[in-house]
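**Student:** Read off the chains here:
2 protein chains.
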Amino acid sequence: MDYANLYRNKKVIITGGLGFIGSNLARRLAGLGADITLVDSLIPSYGGNLYNIKDIESKVTVNIADVRDAFSMNYLIRGKDYLFNLAGTLSHIDSMEDPYTDLEINCRSQLSILEACRNNNSDIKIVFAGTRGQYGKVDYLPVNEKHLMHPSDINGINNIAGEMYHMLYNDIYSIRAVSLRLTNTYGPRHQMRHPRQGFLNWFIRLAIDDQTIEIYGDGKQLRDFNYADDVVEAILLAGANDKANGEVFNLGSGNPISVVDTAEKIIQLTGKGRYKFVLFPDDKKKIEVGDYYADYSKIKVLLGWEPKVNMKEGLMKTIDFYIKNKKYYWA
Amino acid sequence: MDYANLYRNKKVIITGGLGFIGSNLARRLAGLGADITLVDSLIPSYGGNLYNIKDIESKVTVNIADVRDAFSMNYLIRGKDYLFNLAGTLSHIDSMEDPYTDLEINCRSQLSILEACRNNNSDIKIVFAGTRGQYGKVDYLPVNEKHLMHPSDINGINNIAGEMYHMLYNDIYSIRAVSLRLTNTYGPRHQMRHPRQGFLNWFIRLAIDDQTIEIYGDGKQLRDFNYADDVVEAILLAGANDKANGEVFNLGSGNPISVVDTAEKIIQLTGKGRYKFVLFPDDKKKIEVGDYYADYSKIKVLLGWEPKVNMKEGLMKTIDFYIKNKKYYWA
Numbered sequence: 048m049d050y051a052n053l054y055r056n057k058k059v060i061i062t063g064g065l066g067f068i069g070s071n072l073a074r075r076l077a078g079l080g081a082d083i084t085l086v087d088s089l090i091p092s093y094g095g096n097l098y099n100i101k102d103i104e105s106k107v108t109v110n111i112a113d114v115r116d117a118f119s120m121n122y123l124i125r126g127k128d129y130l131f132n133l134a135g136t137l138s139h140i141d142s143m144e145d146p147y148t149d150l151e152i153n154c155r156s157q158l159s160i161l162e163a164c165r166n167n168n169s170d171i172k173i174v175f176a177g178t179r180g181q182y183g184k185v186d187y188l189p190v191n192e193k194h195l196m197h198p199s200d201i202n203g204i205n206n207i208a209g210e211m212y213h214m215l216y217n218d219i220y221s222i223r224a225v226s227l228r229l230t231n232t233y234g235p236r237h238q239m240r241h242p243r244q245g246f247l248n249w250f251i252r253l254a255i256d257d258q259t260i261e262i263y264g265d266g267k268q269l270r271d272f273n274y275a276d277d278v279v280e281a282i283l284l285a286g287a288n289d290k291a292n293g294e295v296f297n298l299g300s301g302n303p304i305s306v307v308d309t310a311e312k313i314i315q316l317t318g319k320g321r322y323k324f325v326l327f328p329d330d331k332k333k334i335e336v337g338d339y340y341a342d343y344s345k346i347k348v349l350l351g352w353e354p355k356v357n358m359k360e361g362l363m364k365t366i367d368f369y370i371k372n373k374k375y376y377w378a
Numbered sequence: 048m049d050y051a052n053l054y055r056n057k058k059v060i061i062t063g064g065l066g067f068i069g070s071n072l073a074r075r076l077a078g079l080g081a082d083i084t085l086v087d088s089l090i091p092s093y094g095g096n097l098y099n100i101k102d103i104e105s106k107v108t109v110n111i112a113d114v115r116d117a118f119s120m121n122y123l124i125r126g127k128d129y130l131f132n133l134a135g136t137l138s139h140i141d142s143m144e145d146p147y148t149d150l151e152i153n154c155r156s157q158l159s160i161l162e163a164c165r166n167n168n169s170d171i172k173i174v175f176a177g178t179r180g181q182y183g184k185v186d187y188l189p190v191n192e193k194h195l196m197h198p199s200d201i202n203g204i205n206n207i208a209g210e211m212y213h214m215l216y217n218d219i220y221s222i223r224a225v226s227l228r229l230t231n232t233y234g235p236r237h238q239m240r241h242p243r244q245g246f247l248n249w250f251i252r253l254a255i256d257d258q259t260i261e262i263y264g265d266g267k268q269l270r271d272f273n274y275a276d277d278v279v280e281a282i283l284l285a286g287a288n289d290k291a292n293g294e295v296f297n298l299g300s301g302n303p304i305s306v307v308d309t310a311e312k313i314i315q316l317t318g319k320g321r322y323k324f325v326l327f328p329d330d331k332k333k334i335e336v337g338d339y340y341a342d343y344s345k346i347k348v349l350l351g352w353e354p355k356v357n358m359k360e361g362l363m364k365t366i367d368f369y370i371k372n373k374k375y376y377w378a
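Going down the list, the protein sequences come from chains A and B. Residue numbering for the first sequence follows this note's numbering, starting at 48 and increasing by one per position. Residue numbering for the second sequence follows this note's numbering, starting at 48 and increasing by one per position.
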């Protein structure tokens, strides 16, 4: 589906808009001529970073607000054509340490955002970002959307509830909504201050700094990576196509790679760093899911999406970006 | 598994203990010699009723508290051997009108109860009451536990989260927990003041009062009923058997019956009342799931449970109970 003209002058709101995927999406939508509002709470340990939109700041409206703030969301949602609902915590380990915050953000806030839409703007189209974490330890590979969900952490459970609220409001109240279950996503504009939101970008930081990457266990578990631009493309296709309404879609790469091979690739492309194996920390071992990779044929067939950026190309762009912009992401 | 002596002198706590299933369970546990604490908030429109335990009140300790009150739950959970975690809202329609209250009770409170167990009593064994509402409109019949969950109301979604928290705490923190996905349950000690928690008991009230039962649509949708005593038996078996830990089980009857046939049966056994067909109200039509009946072979094989009370016998006992105790349930 060609959405080249669809988003022009459309009013779009992106929750988590200063974060990793939100800001990459904003950049693309700015190029398409959309009227963009970015909502972000800039919680220090999360992904929001004003530098992420430095070169497009004249083309977007930034509104600092937390998705838990139902009053503000109730206002901000009005008159918008599209909601790209990307705000949410992503950390498996944080959700175990502070399950209530995870519940408030991923579960309760999703409900209040949907209630805001129902009460003030039921014509809006919503794209929700789900996660592979909803599946937990897998029963079979590759994982398609019919795979049972039995998450291994609180974050996965709360994301299931958040996704299901969206599907319910689509079915019952005809508020068009679609969920994309993202796999590990990497690329420019990810937060780089701690490893609690995924290991790939963290490995890149360590390599750039010529540090030692610690690999838990044997590092042979498989992961499925998407480059940020490919995820943005999927989000825009899902927003544009009403065939997607009420549907959930896996994203994936078609090329699973082990954690240790990922580290080797990063070290090779960066020309710096090294890795060593260490014992799996207890808290992380407990919620480790083993191999994961997705069957993304549903979105390929229905929406015509497939990833276009191969890992070598994606990693080179990512490494290049952080070498140039290190001071805005390391501190 | 013979649990005749297992529960003797054991400290058990039942949330929702003054409610329908809670009070029937308390009665059985009193007979088995357990040391019973009933926790209930007696919210007027919910199921709690002090008359439910009138004839066993010397054998139980009643503690009025709401499961949303994390401080009290944190204290009450200490030193208990078993938690029968039955508190929760059950109303499909209420959950759509007030989704936040449903979330607080079925989702957030479950998390705080589990945190209380983790912090103060990780040796406790928990039996959680899930619901057929977690499945939503079914993809196939009979529904087994591998059926995907895509609920048709907020209550179903929040119950999924509640159940998944239990499974997670079983897997990660070794707090033994099992979930029973109850189908429609009927019997003595159900609230009889409004129809928002299931239609069967409401039909019985109308018949006893020689009123007209209104059947929405053609009334041909199938339902699966369990008599309260059979559900109590399943709960006690699940509590007694550590093979159940980390597992979810459907309950069911093996004898699905249509709504209209249910009405006819009740009218025939009561010797009073009549029914008429009316148009499906819009709000109820939207969340109506059509036919439902469960495959309960998993609990039959693993725990040796099957329903023993046939519908005629169960209905007769139920009708008899409410005719005798009408004044305690109608007002």
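Incorrect hints may appear among the rest.
[What the hints assert, rightly or not] Covered by chain B, according to a simulated footprint, are these stretches of chain A (three or more residues, beta-carbon under 8 Å):
{"no.": "1", "region": "137–147"}
{"no.": "2", "region": "150–156"}
{"no.": "3", "region": "208–216"}
{"no.": "4", "region": "278–288"}
Hints are computed from structural coordinates only; laboratory data are not their basis. All C-beta atoms, glycine included, are put in the ideal place defined by N, C-alpha and C.
**Student:** For every hint, state whether the structure bears it out.
**Tutor:** Going down the list of hints, with the structure as the test:
Figure legend: the region 137–147 of chain A, annotated as covered by chain B; annotation consistent (3 residues with Cβ-Cβ distances under 8 Å, at least 3 required). Counting residues of the region 150–156 of chain A whose CB lies closer than 8 Å to any CB of chain B gives 3, which reaches the minimum of 3, so the coverage claim holds. Chain B is given as covering the region 208–216 of chain A, and this holds because 5 residues of the stretch bring a CB closer than 8 Å to a CB of that chain, at least three being needed. Counting residues of the region 278–288 of chain A whose beta-carbon sits less than 8 Å from any beta-carbon of chain B gives 0, not enough to reach three: the coverage restraint is violated.
Of the numbered hints stated above, the single one contradicted by the structure is hint 4.
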